[in-house]
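Engineer: Use the sequences and the hints to build the structure in full.
In terms of UniProt numbering, the sequence shown opens at residue 1 and continues consecutively.
Derived by calculation from the structure, the hints in this document are not laboratory data. Predicted model, so just to flag it, every value in this text is computed and none were measured.
Below 30 Å or equal to it, Euclidean Cα-Cα: the simulated DSBU-like pairs (lysine-lysine) are: (1) K186 with K139; (2) K202 with K186; (3) K186 with K15; (4) K202 with K15.
Derived CB-CB ranges, DEER-like: (5) E14 with L184: 26 to 34 Å; (6) H49 with K186: 23 to 31 Å; (7) L200 with A25: 18 to 26 Å; (8) G52 with M24: 35 to 43 Å.
Glycine included, C-beta positions come from ideal geometry on N, C-alpha and C.
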Amino acid sequence: MGRKMRQGGWGAYEKYASLLAGCMARTAAVTAISPIELVRTRMQSSATHDFGTVMRGITREVQAAGIGSLWRGLVPTLWRDVPFSAIYWFGYERWRENVYGPLFSEREDMFGRLAIAFCSGASSGVVAATLTTPFDVAKTRRQIEQHADSRSHVQQHRRLPQIVRHIVATEGLGGLFAGLAPRLMKVAPSCAIMISSYELGKMVLS
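Structural biologist: Here it is in structure tokens:
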């Protein structure tokens, strides 16, 4: 998608094509799998972990609140995943063109291309994960609250901005980056492996 945008004559805005493409792709993906994510979350929070029981509960919600209830929790997920994808793909292009491309310019073989992709993916993943960790923390806190509400039958439904303000007020700005180190340990290698595997697949199949 980003390549098609660049070929479409964006001129001075060409370098932002990957950012917009990342936003669009992630929005579509998150929206499409949101009902599946709802089932997964309910399975994990269910006392019995029984698929049939969970599905019957979701069916009753759909009958009572409409089909839109399948996308409950979509907005918090978009707040976390769409900025991550935009930052990641925009950053990947910049790291590849301005840092690792020139660094490995003497290696035009498969190793050089994979090294550029791997290092660019890891570096961009670290930046994207760091900048979006506050959204991840807020989303996790919201899920914990919803799980507690379902057990106590008391509905609070605090929005993400309210949760963020509460974290800052009670824990300081550092509270928004709780769990950053484990997240980076997961995101950096997964982003690096994903994009380098993608580039390897292109090289093998082309």
